[in-house]
Every structure is written in structure tokens, then in C-alpha cells.
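Enquirer: Sequence:
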Amino acid sequence: MDIYNIVRQKIIELVTKRYKKVDQKTLNLITCEQPKNLKFGDLSTNVLMVLKKQNSEDLNDTKIYIINELKSISLFEEVSYIKPGFINFIMKKEVWYKVLCEIIKDINYGFKDLGLNRNVNLEFISANPTGPLHVGHLRGAVFGDVLARLMKKTGYTVCKEYYVNDLGNQIENLYETVKFHFENFNNNSKKKLSEEMYFGEYLKDIAKELINEKININDIKTVKEEIIYKVLNLIKRDLDNLGIIFDNFVSEKDIHDQGLLEEVLAKLNKKNLIYQGVLEKPKGKIDKNWKAEKQLIFKSTNFGDNSDRAIKKNNGEWTYFASDIAYHHNKISRGFDYIINIWGADHAGYVKRVKASLEALGYDRIRFDVKLCQIVNLLENNKSVKMSKRSGNFILINDILKKVDKDIVRFFMLIRKNDAHLDFDIKKCLDESKENPIFYIQYAIARINSLNNHFKKKKLYFSGFNEKSFNKLNSNEINLIKVLSLWPKVIESSVIFKEPHRVVYYLIDLAGAFHNYWSKGNLDSSMRVINESDIELTESRLTILNSLSKVIRSGLDVLAIKPMEKM
RNA sequence: GCUCUUGUGGUGUAACUGGAUAGCAUACAGGUCUUCGAAACCUGUGGUUAGAGUUCAAAUCUCUACAAGAGCACCA
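Per the working numbering, the first sequence starts with residue 1, numbered consecutively.
Hints may contain errors.
[As the list claims (entries may be wrong)] Ranges of calculated distance between the beta carbons of each label pair, as one might list FRET restraints: (1) Ile-211 x Asn-119: 40 to 50 Å; (2) Asn-5 x Glu-317: 49 to 59 Å; (3) Ser-450 x Arg-367: 38 to 48 Å; (4) Lys-386 x Gly-155: 37 to 47 Å; (5) Asn-248 x Arg-367: 18 to 28 Å; (6) Arg-365 x Gln-54: 28 to 38 Å; (7) Ala-420 x Gly-362: 27 to 37 Å; (8) Ile-211 x Asn-546: 57 to 67 Å; (9) Glu-532 x Lys-383: 46 to 56 Å; (10) Arg-118 x Glu-176: 36 to 46 Å; (11) Lys-192 x Lys-283: 28 to 38 Å.
[To be verified] Straight-line distance between alpha carbons at most 27 Å, and here's what the computed DSSO-like set of lysine-lysine pairs gives: (12) Lys-489 x Lys-112; (13) Lys-427 x Lys-566; (14) Lys-20 x Lys-71.
Keep in mind that the hints were calculated from the coordinates and are not lab data. All values derive from a computational prediction rather than experimental measurement. Note that CB positions come from ideal geometry on N, CA and C, so glycine has one too.
Given only the sequences and the hints, what does the whole structure look like? Please build it.
Expert: This is the structure in C-alpha cells:
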């Protein structure tokens, strides 16, 4: 039961009844929400201000009409009109009783069907299969996983997908590196890895395994496959340790082998969007190696891109972009009508060209959305840890998970909105104090558990929670229900805007509301939850707190974090 | 040069996508445990980069300036 939505629907009904010609756009502007400041009531709507914009006529009659109609639906204690044009409502207490009953009853409280079974392909991480995952992948990993969880719980059919770039120069280099280790494993030659090769002990391990498997290192095709398979297993191990399971891994090589690039090129060619030409020299950084070369080019500027983009290199090989077009084409032909990609912010410049390619292929009905995650700044001992590929200085996810529990890592990855920079401070994660919001949230659950235990120990007996016992509650308790009533909206906006951090912030708020309530008992003993002389009151309070605990658990579950029953 | 992000108290950030007195944490100054868990709570100081515009209403939209970050053939 989303009380705000119920009232909103009612208002929309009233408006359409009175103004037959009112359009959907206007109706969408009508809001019905809990005001930030509760002195304006429990619920507030801007209908009149929205209508005023559309109609020049005097709205006094409308105002009276709407207010009277709303008064008659028996949800409200009071309906009032205030200055700029808000209508504010105060709920009857029994409404909060009903809201509470709903929260108790509904196992999926807060999760509405928003997706209508829409078929979503959610691609994230897609780190190259050249090594285990490192800190740079962490944020996108958690973001994607939690977004998927949210969408699955709200009626979307979600396929979590990982795109494996198992082609190209990097794989050559990977092969060369392993071959190097393979050949130099037992002799103490002083040869060093060359510029292009990959650092990291894991490749020595893989070389050793290949030696043990007695593989022919010059059987390039088989060896490459074997290496990719092994590295991918390292990645899967990391994912597993983070609690992330993918539904599908797609190989770039497969996309090539299936001839999808040719297929896509033919389509674009048919639309006269392909030409042989020379791209302009890029501005910005000066690269001495740059040469003007004739290439096969896609006219992406026709679709809002800043520059046309090469499809084939001068030597006739496909570009990375070409296989990406084919890959997205492949996603759509597999029946997905909603495509979400989660990329690092360094890929921002890539968005336009992929959008352009989809538009060019005529997929304008497909919803395509890219969420960019800003860089994570890893802090250790208050110093920023810089990573670089060349020096082999990588902080692996595995290293982090040795120090910090996965649940805490997940939490901290969502403590900022995706497009804000994120400082990830290992010391703060380990801090078990009020500076650490995850403990603040967990502490609320632990305290509520503790109350339940006390109640049991005292051998008090439940008399059965009902409206009569509910009526013993005061505004402090009702306020907790008001916070709980926001949960459906938090979920909805988290999903619609793809901003899972909202769940985190809500949980902090909710825990705050609880701790505040609890502490009232320190000053005023009548506000202590357990009151042996009034079982009905005690029970009503526990009912609310247990619902609160339930919503916190439900929120933690979205983040895939285990509740701590005791701390 | 161009494109994309982002500018919110001293610091780190949120704001129901345009709503009413901008929320939270930290820092700072005070206060609260013989009693349900003080890993908590309460009170106070302090903020929307600057300027203009649109609007009944702007942190949010538009323009200009300033500042920070990322990207700009091929490679991934």
C-alpha cells in the first residue's frame, strides 16, 4: 500500500473528470508526496499550481471542488490550502494503522511491479580477461549487481551479462607473456618481460599449469583459449567472493565467428552510412605515431556523434567499435528491449557513438541507457593509492576482501551517487563506530532484537495487536510509520533513475529515526519500549519496531548484505 | 580546441528529477548512561562557485564566466 500513490490517483481522477482535455504531460507533473517538513502535514499535492499553468481561468472553483471531494474520501483528518497553492493533508490515525498492517502482511512490502516483465539486458564490469579484477572494477560491479537485484524485485526480467573481450592485441600480449614464463620457468635466464607484457604472478601460475598439462605452447589457438579460460576463472572467483553471479558471458570472438560484423556492416552500407575515407587528426594530445590512413568509416555524425568512426582499420581488420556495434545488435536480436550498460567514466566519450549506431540500425524503439560510474579513489593511511598497469601496482579486489568483509565493501561502493567521485577508505570501513554508517544501520536491528529478547524473558504475553492497542500510540511512534511509508517511493525512484544509493541513504535515515526514538526512553521512562504495566502498548510498539526491522532487512537484502542479529 | 561529468557549511556529501524553513556525517562548543545495548541521543555555530534569465516556485532548467575531473585516430 503506497498511500501517496493512492491519493495521487484519486486526484488525477478528479482532474480528468473536470478537465476532459487535460493531457498526460500535465498529469505527470502532479505530485503527491510527504513534505520535507511535517508541519505542512502528512501529505501534500501541487495539483492546483500545475493546473494554473495550463488554464488561465480562475481556479477558485476547482480548488473548492478538489478539496471537498478529497474531504469526502475519509482518509483525512484535515485538508487545507496554503499560500503558493499547495493542498496539504493530515491523515486520520486509522490510516497509519492500515499502513502498518499492510507492512506486516506484505512480504514484498515496497516492491511494486514497475517492469511489467520488460526484458532487460544489464551489462557490467566486462573487464578484459587479462587478469583478476582490481579496485577499478569494484564500483561498477557492485552498482550493476544491486541495480539488477532492484530491477528483478520490481518486475523486470533481468539478464546480467559480462562481455569478454577475448580478441585483439591484448590477447596477443597475454599469450606472449605466458609463453615467456613457460619457456623461462626453470632456467634462471635474466630476460625481462617486455613493455607490452603483463605483470602479475598469476600468469606464472598459469604457465606452470600449462607445463603440467604438457600443452604445446606453439599451438597458439589452443593455448590462448586455455589462458582465457583460466583467467576468466580467476575473475569468476573474484565475482563469487563479492557475491555476484552473472547470467551470461558473451565472447567477442563468438560475435566475430558468427559473422555478425559483416551482417551489421551490410545493414549500414545499405543505408549509405559507410564510406572509405580518412579521419581528421585528433586534437588534444599530440601523438607522433599518428598517420593519415584510409579506412572504412561509419557516418556517426549523422546521429549526433562528434566525429565519424572507423569500422575497419587501414589493414582491413575490424575495429573494436565494429564488434561493439555487432554485440549490441546481437543483444537486441536475442530479444532484449531494454539495454543498460554500466561503464567507467573514462568511457563517457563512447556513449554517443554506440547510441548513434543503434539509431542507424533502426533500433529507435529499444531503450538504451548507459550509466557511468566515476572513479574510485582508494585511500590507505589517508593517502591516495595510485595504480598503474605498467608498474604492476594493482590493488586487487581479492586483496581488499582479505581486509574488509564483502558486505562492508558493497555498502561503501554505494555510499555515493554513481556520477560522484568516491573515496574508498579502508580504515573507515574497518572502523566500528558512528562514523561508519553500516554499523549504525546494523545496530538498529541488534537493538530491536534485544528488545524482543527482553520481552520474552520477562514472560510477558501478547494479547494480540489490534486497532485498539494501536490507538495507545503517540505521535513519536506514528512518525516511525511515516518514515516506513516512504519505502515504496525510495525503491521506485532507485529503479527509475537507476540510483541504488538511494536505498543506502534511506536505510541511514530509517536507522536514525529508530535511534532517535529509542533514546527518548533515556529521558522519559514512559517512552521506554517495554512497559510491564501496559502490555498492549508494549506490543504495539514492538509491532512497529519489528516492521522497521523488517524494512531494514529488506533494504539490506537489496544490497545483498547480511543483517547482524547481534553485535 | 571540442565533447561529457561535476561545483552545496571548514571537510565529505544528500535532496522525492522544479516545491514550502536545503537533510546527513564529520569538525567545533556544550549536554545526556544506578534503569529496554552510549557502536546511541539532544542543543548550538555554519552552506547551494559567481552573475544574468525562465517560473507562482530554482541547488535542480537556460546562457555567460570561473574551477575540478575524464575523454578526443588506432588500441581497449
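Enquirer: Check the structure against each numbered hint from earlier and tell me which ones fail, lowest number first.
Expert: Nothing - there is no hint that the structure violates, so all of them hold.
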